[in-house]
Amino acid sequence: MIRTYSDFAAWKAAEADNHFAVQVLKNLVTELQAMVPGPELDQAHGEPPSTGHPGWDRLIQGTALWTGAGRLNDPAVLDWARRTPDDVSDIFDPLAPQRRFALSYLRTPVPLREKGVCLARGNLQGV
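Following numbering that gives the first Met the number 0 from start to finish, the sequence shown increments by one per residue and tops out at 126.
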């Protein structure tokens, strides 16, 4: 079961289907947003291993910043996610190609855009 960003990253390293991975990440985001602040939420936001793909690593960083902002007992838990990625020159879009890239990009949460990721909020949250 995937309950932390570490769980997700380890699982994603072996999963090739990006559309399915976005759905799994959406489930994790929903679960984390429903959690009350406390040690379990802090632990869920701990530093994950690399997925082996810089775009997915950046996506996880941005998503963790988004779901953890202002909710963690220890803000230092997210220090790993605040690190600037090595290269954000290419926008990572896990659902590429998208017909409405510009609209998707505008709907992408700011912490993800800052990591060079395009993934509209609706792909990570229920509507």
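Accuracy of the hints is not assured; some may be wrong.
[Said to hold, decoys possible] Computed Cβ-Cβ distance ranges for the label pairs, DEER-style:
#, residue 1, residue 2, range
1, G121, P74, 26 to 34 Å
2, R99, V23, 20 to 28 Å
3, A75, V23, 25 to 33 Å
4, T29, L105, 17 to 25 Å
5, F100, M0, 32 to 40 Å
6, Q22, G51, 14 to 22 Å
Note that these hints are calculated values from the structure, not bench results. Being a predicted model, the structure only gives us computed values, none of them experimental. Note that the Cβ used here is the ideal one computed from N, Cα and C, for glycine as well.
Okay, the hints, checked on the actual structure:
1. G121 / P74: 26 to 34 Å: holds, 27 Å
2. R99 / V23: 20 to 28 Å: holds, 23 Å
3. A75 / V23: 25 to 33 Å: holds, 27 Å
4. T29 / L105: 17 to 25 Å: Since the Cβ atoms of T29 and L105 sit about 22 Å apart, the hinted range of 17 to 25 Å holds.
5. F100 / M0: 32 to 40 Å: The hint (32 to 40 Å, Cβ to Cβ) holds, given that F100 and M0 are roughly 33 Å apart.
6. Q22 / G51: 14 to 22 Å: About 20 Å separates the Cβ atoms of Q22 and G51, which means 14 to 22 Å holds.
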